[in-house]
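Student: Given next are the chains, with one letter for each unit.
4 protein chains.
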Amino acid sequence: MIKVGIVGATGYAGVELIRLLLAHPEVEVTRLTSRAEAGVRVDRLFPSLRGGIDLSFEDPANVHFEDCDVIFFATPHAVAMNTVPALIEQGKKVIDLSADFRLEDIASWETWYGVAHVAPSLVEQAVYGLPELNREAIRSAQLVACPGCYPTAVQLGFMPLLQAGVIDPLSLIASCASGTSGAGRSAKINLLLAEATESMKSYGVSGHRHLPEMEQGLSKMAGSDVKLTFVPHLAPMVRGIHATLFAKLTDASLDLRGIFQTCYQHEPFVVLTNGQYEPETRHVAGTNRCEIDVTQPAGDTVVITVAIDNLVKGASGQAIQAMNLMFGFEESLGLQNLAVMP
Amino acid sequence: MIKVGIVGATGYAGVELIRLLLAHPEVEVTRLTSRAEAGVRVDRLFPSLRGGIDLSFEDPANVHFEDCDVIFFATPHAVAMNTVPALIEQGKKVIDLSADFRLEDIASWETWYGVAHVAPSLVEQAVYGLPELNREAIRSAQLVACPGCYPTAVQLGFMPLLQAGVIDPLSLIASCASGTSGAGRSAKINLLLAEATESMKSYGVSGHRHLPEMEQGLSKMAGSDVKLTFVPHLAPMVRGIHATLFAKLTDASLDLRGIFQTCYQHEPFVVLTNGQYEPETRHVAGTNRCEIDVTQPAGDTVVITVAIDNLVKGASGQAIQAMNLMFGFEESLGLQNLAVMP
Amino acid sequence: MIKVGIVGATGYAGVELIRLLLAHPEVEVTRLTSRAEAGVRVDRLFPSLRGGIDLSFEDPANVHFEDCDVIFFATPHAVAMNTVPALIEQGKKVIDLSADFRLEDIASWETWYGVAHVAPSLVEQAVYGLPELNREAIRSAQLVACPGCYPTAVQLGFMPLLQAGVIDPLSLIASCASGTSGAGRSAKINLLLAEATESMKSYGVSGHRHLPEMEQGLSKMAGSDVKLTFVPHLAPMVRGIHATLFAKLTDASLDLRGIFQTCYQHEPFVVLTNGQYEPETRHVAGTNRCEIDVTQPAGDTVVITVAIDNLVKGASGQAIQAMNLMFGFEESLGLQNLAVMP
Amino acid sequence: MIKVGIVGATGYAGVELIRLLLAHPEVEVTRLTSRAEAGVRVDRLFPSLRGGIDLSFEDPANVHFEDCDVIFFATPHAVAMNTVPALIEQGKKVIDLSADFRLEDIASWETWYGVAHVAPSLVEQAVYGLPELNREAIRSAQLVACPGCYPTAVQLGFMPLLQAGVIDPLSLIASCASGTSGAGRSAKINLLLAEATESMKSYGVSGHRHLPEMEQGLSKMAGSDVKLTFVPHLAPMVRGIHATLFAKLTDASLDLRGIFQTCYQHEPFVVLTNGQYEPETRHVAGTNRCEIDVTQPAGDTVVITVAIDNLVKGASGQAIQAMNLMFGFEESLGLQNLAVMP
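Residue numbers (UniProt numbering), protein chains in the order written: chain A, 1 to 342; chain B, 1 to 342; chain C, 1 to 342; chain D, 1 to 342.
The reader is advised that the hints may include incorrect statements.
[To be verified] Once the Cα atoms are required to be at most 35 Å apart in a straight line, the calculated DSBU-like pairs of lysine-lysine come out as:
1) B:Lys248 x C:Lys3
2) B:Lys248 x B:Lys188
3) B:Lys227 x C:Lys227
4) D:Lys188 x D:Lys248
5) D:Lys3 x A:Lys227
6) D:Lys248 x D:Lys92
7) D:Lys227 x A:Lys220
8) C:Lys248 x B:Lys248
9) D:Lys92 x A:Lys220
10) A:Lys248 x D:Lys3
11) B:Lys248 x C:Lys220
12) B:Lys220 x B:Lys248
13) C:Lys248 x A:Lys188
14) B:Lys227 x C:Lys220
15) B:Lys227 x C:Lys248
16) B:Lys248 x B:Lys92
[Unchecked claim] Computed from the model, here is a short list of chain D residues facing chain C with C-beta under 10 Å:
17) Arg44
18) Leu49
19) Ile259
20) Thr262
21) Pro342
[What the hints assert, rightly or not] Pair by pair, the computed Cβ-Cβ distance ranges are:
22) A:Asn190 x C:Arg139: 49 to 55 Å
23) B:Leu333 x D:Gly39: 56 to 62 Å
24) A:Asn190 x D:Lys188: 41 to 47 Å
25) B:Glu330 x A:Leu45: 46 to 52 Å
26) B:Leu333 x D:Arg35: 36 to 42 Å
Bear in mind the hints are in silico, worked out from the structure with no lab data behind them. All values derive from a computational prediction rather than experimental measurement. Just so it is clear, CB atoms sit at the ideal spot from N, CA and C, and this is done for glycine as well.
Sequences are here, hints too, so could you generate the full structure?
Tutor: What follows is the structure, given as structure tokens:
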């Protein structure tokens, strides 16, 4: 049994962390901080948690997490980097769901996020928390930087073919759709039901903060520079990332599904659909799963489709998967629930 | 550990039963029947169940459930009554989610369902499976008739005030809304996304099959005849029943919330919101909970609001709650998950 | 051809006014004001209007509407009452969609809206803009106070039976559901798609600002005091009001559909469904129509169901219907479009 | 004033044709056929049309359209080819919304649709009804084959750059999402609200009937063979096609928005968003518009985004646009309505 704290627990990744951790048999959630909601009972802000938790949000200024074994940050960017260094010095394990420790290129991070990074040495120390790529490093990490939602879907989709060296790394295209929860629990007109339902649109065609994170990871998989064209879309739904990926095959004679099978056969959360059905976000909603299929249409352009829940495999579930590795628990502990259907 | 069979496992109540039973620590699901899908793997029809179940649907003609301790029927009406008698004779426990054993008045049942009842003696033997009303009887029952979704919401809403004798039993009104999953997994044009989304309508204003079931139960609570005006609506969502109930108070000086508190204080699944927030179907989606509030506006008309998930507390979850009682398990075993939010 | 100005043109009622007025053959929209968006092109804020309008929003401080024949106010409450008096003095016609001139009882208005009314004499002068009730008075009005969305649905539903004297005016109940656009184009967390979709809830059970407006109108129809229990709900959709109304019949032998037929036979926008189908909000979405049916279940409680579009018949369309009457145009001019289906 | 008949008027394209034609000032709809609904009043099947039309569906076996000037076919594939030849011989104008006369390569058509084509000579005679490409030919056509919904979006998106010769025609990729109305008004489980809402999925990755139609059109624009990788998706909404297109630029120095501007400056229904906002399906819902933007991210892969309403510009509206050209009406007559917002 470990004790867990969460900083920034009032956003969508935060409440999803709470829900999942409350069901985890080896975890006790002991501290939740929120500047805006300090003093408010957690189950008053989130009535769905009634009966599951008997805590109130605390002011982060007053909380030092001495009694916690691990602290999750579910904060906006540029928050964790201020507080994490002290926790690391205390010897605490830290799992950051924000972007603060994801990008090795500090200059690039500062360009995209518009502030100076105050803990660059921790960026070096942080382990990128994609278990399918970095499992062993995560086990021994003190600080894990969890991937973003789009980067999780895109990297898991391209990884087998990039590692196998069978696609041109300069030809990558990702057309992705996200539910509106990906934009966070913030009051914006464009996210109102009245504005966002019954409509599809792209956004950020000319540039998105997740692009350098994806190129960094994909380049490592390829062993060389990659070029990725990334177009995110807002879909009229709450949860889910659907990614449709394209690349030029360098060898059209290959058994692509076999490559995916070899790559992912022991992964607890990757589900290959093998042409029996196509990945669909509702199959994975509320779960830590990632559904993937690969299809080779006539011609040399391969198509890979991926579905995850942006708040689980794309955020809080993946963070708990990392926690399980860091503490020697079974990797899927507390993450085995199946999607509610319909 | 008990062995469980499900007849008619391909509908929405059926797949929800599977999902919930797979997570139940004392249950092994061993047999699932479906005439239409015999031979098909369960996780092929319902990909969300991949990894959780390694069975195929079987033809009901070939399955006799000798190895099962309890059999659930998630079939359309007029199916269970044909098969249940033999199972009861074999000494099996049976939990029927359909309407076959709910109505004590056989003639009324035959009028509403348009067929002759072939097992009227079992109707007498069956226990109505609303634990908040019938807990002790369910414990020792061999055959449980689970309440319908509307009847669950309406009866739990009116019960405290009817039992306390503080409302006029001839003045009951229920205006209820259901998600489209309540109409079942059947291909009908009016249930298409293109027809049912972004719209509200009533249906069955002139009469609904659930009315006599409600009047039967409410009359017992009142100890006298009741008169209920019931208007169901189709809401543009998948899951959930929201019930808004009205009745004439016979004594306007009462502490209505106190009456609810007394009635439901030990109930594991009833959540009283006490004016802090209003019951909302998303708070209970995917869970066995029932949120209730009571408000007394100026005047003598009391308003009670209720939210349940039609497929869980209104069907499969309540059936498992009954199973837990019948087998001496903790009543909430396997039913403690919280709603996914957002 | 008349010239029209709109104050507060950036809310949902405002943009709907623009859309409808642009299609009106006798109207030229010449001035649109908005404090927040002054200087912004209208079709930049609302891209759906591209090609239809070549204006920018103007700062209300600079606009005096000298060149306008009629000015619409689509402002929050307590705005119009400050500006309308000067316009009335100039001889302009004014159509107010807000609550400022709806309630004859100034004290009640001040209680519900929490501010002092600065133009009580205009309240006396204003005509309540429900054409089915007040057609002749609207024709000659200088100032029209348009009904709210709930009051439109509830009053049109009860009017025939109240006027016919066949229901008990102290027994009225209205259970209504609104799409989220009814809450306006304002950035609130509870209106986000991620919060409001796939859920039903009541709100304001203990009191709602539209109640005194409804009771005022219903009392006039009844010729005596009425008692209304009103429960509004938020439905997971953008547009539409669905009202389900209940009342005690004082004479159960009556031809209720005949009473509605007599009352509404010449109304251009009331559609009686006569039991052939039930009123449904998608049938009227985007249109000025009001679908109504009345059903008499067994017993003495009559059920009336009503569907309107909250932004058209419940706001902007009804305002234009009033304008048509005030300027002697055909009542349905510019309002004859049919609902988009599906 | 012309007289119009519609064959197969009960599907979604059919009812949308009726709605639009009823608002067309030069059209009288005189005959509507449907095998399944013969004898049923049109406004009984589609209550939204009440007051707009006083006709019943007729059995196609009894209707010969002698009194019609033009006949629309909104039928499934392989229906029109049987009936159109006789109408053409009678001298009638025919506008077919189905696939029967779209593909010049009869063998390819027969492969994709699985039946022998019975009127190949009419395929040769038919004019492909994309006005932005074929305006003059449509004016004088007797038989117009309207483009499919995906082909309209994809062709309008690629046309300017293909005609300008600035993209590699062998590098085309289209990732498109459609609302569920694109699958028609047919009772299928996968299109139920309970199955299709709140989810995104691809379908037909391995091949889609619209692909040869797109390649045929794009090849003509390019003046050479093209290679298109096409992935359609089902989006959780009713209406709309959103297309995100990718291609390799052969000259990265070009003013891409200028090329689009030149190409589409006189088009009545193409709206270029020029980076001010991104195309969004709700901007065009219910209208004949096509919103397009082009963006050149760093690198040589151009991204084009397109939004149309699948039932209007992707079907019935475009068919009426063709009709206007064929009869010498103003091209946008009856098609000028703006999208309902929100």
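Student: Determine for every hint whether it applies to the structure shown.
Tutor: Here is what the structure says about each hint:
Taking the CA atoms of Lys248 of chain B and Lys3 of chain C, the gap is about 53 Å. The hint is violated against a cut of 35 Å. Taken as a hint, the Lys248 of chain B and Lys188 of chain B pair is broken in the structure, with Cα atoms around 39 Å apart against an allowance of 35 Å. Between Lys227 of chain B and Lys227 of chain C the alpha-carbon distance is near 21 Å, which keeps this suggested pair within the 35 Å criterion. The suggested pairing of Lys188 of chain D with Lys248 of chain D is violated, with an alpha-carbon distance near 39 Å, which exceeds 35 Å.
In summary, the hint linking Lys3 of chain D to Lys227 of chain A is not supported, as the alpha carbons are separated by about 57 Å, beyond the 35 Å threshold. Restraint check for Lys248 of chain D and Lys92 of chain D: the C-alpha separation of about 44 Å exceeds 35 Å, so the hint is violated. In summary, the hint linking Lys227 of chain D to Lys220 of chain A is supported, as the alpha carbons are separated by about 31 Å, within the 35 Å threshold. Taken as a hint, the Lys248 of chain C and Lys248 of chain B pair is honoured in the structure, with Cα atoms around 12 Å apart against an allowance of 35 Å.
For the suggested pair Lys92 of chain D and Lys220 of chain A, the alpha carbons sit about 65 Å apart, so the restraint of at most 35 Å is broken. The hinted pair formed by Lys248 of chain A and Lys3 of chain D fails the criterion: a straight-line CA distance of about 53 Å is larger than 35 Å. Straight-line distance between C-alpha atoms of Lys248 of chain B and Lys220 of chain C comes to about 25 Å, which keeps the hinted pair within the 35 Å bound. For a cut-off of 35 Å, the pair hint linking Lys220 of chain B to Lys248 of chain B stands: about 18 Å separates their Cα positions.
As the CA atoms of Lys248 of chain C and Lys188 of chain A are separated by approximately 45 Å, the hinted pair breaks the 35 Å bound. Between Lys227 of chain B and Lys220 of chain C, the direct Cα distance comes to roughly 31 Å. Compliance with the 35 Å bound is thereby established for this hinted pair. A hinted pair counts as satisfied when its Cα atoms are at most 35 Å apart, and Lys227 of chain B with Lys248 of chain C qualifies at roughly 13 Å. With a C-alpha separation of about 44 Å, the suggested pair Lys248 of chain B and Lys92 of chain B falls outside the 35 Å cut-off, and the hint is violated.
Residue-level restraint check for Arg44 of chain D holds (minimum Cβ-Cβ distance to chain C is 7 Å; threshold 10 Å). A hinted interface residue such as Leu49 of chain D counts as satisfied when its beta carbon comes closer than 10 Å to some beta carbon of chain C; here the least separation is about 6 Å, so the hint holds. Interface hint status for Ile259 of chain D: violated, as the beta-carbon distance to the closest one in chain C is roughly 20 Å, over 10 Å. For Thr262 of chain D, the interface hint is violated, since its Cβ never comes within 10 Å of a Cβ in chain C; the closest pair sits about 19 Å apart.
Checking Pro342 of chain D against chain C by beta carbon gives a least distance of about 5 Å; that is within 10 Å, so the hint holds. Checking the proposed 49 to 55 Å range against Asn190 of chain A and Arg139 of chain C shows it is violated: the Cβ atoms sit about 42 Å from each other. The hinted range of 56 to 62 Å is satisfied by Leu333 of chain B and Gly39 of chain D, whose Cβ atoms lie roughly 57 Å apart. Separation of Asn190 of chain A from Lys188 of chain D is about 33 Å and departs from the stated range, judged on CB atoms against 41 to 47 Å.
Taken as a hint, the range 46 to 52 Å is violated for the pair Glu330 of chain B and Leu45 of chain A, whose Cβ atoms sit roughly 29 Å apart. Between Leu333 of chain B and Arg35 of chain D the CB atoms are about 55 Å apart, so this pair departs from the stated range of 36 to 42 Å.
Checked against the numbered hints given earlier, the structure breaks hints 1, 2, 4, 5, 6, 9, 10, 13, 16, 19, 20, 22, 24, 25, 26 and satisfies all the rest.
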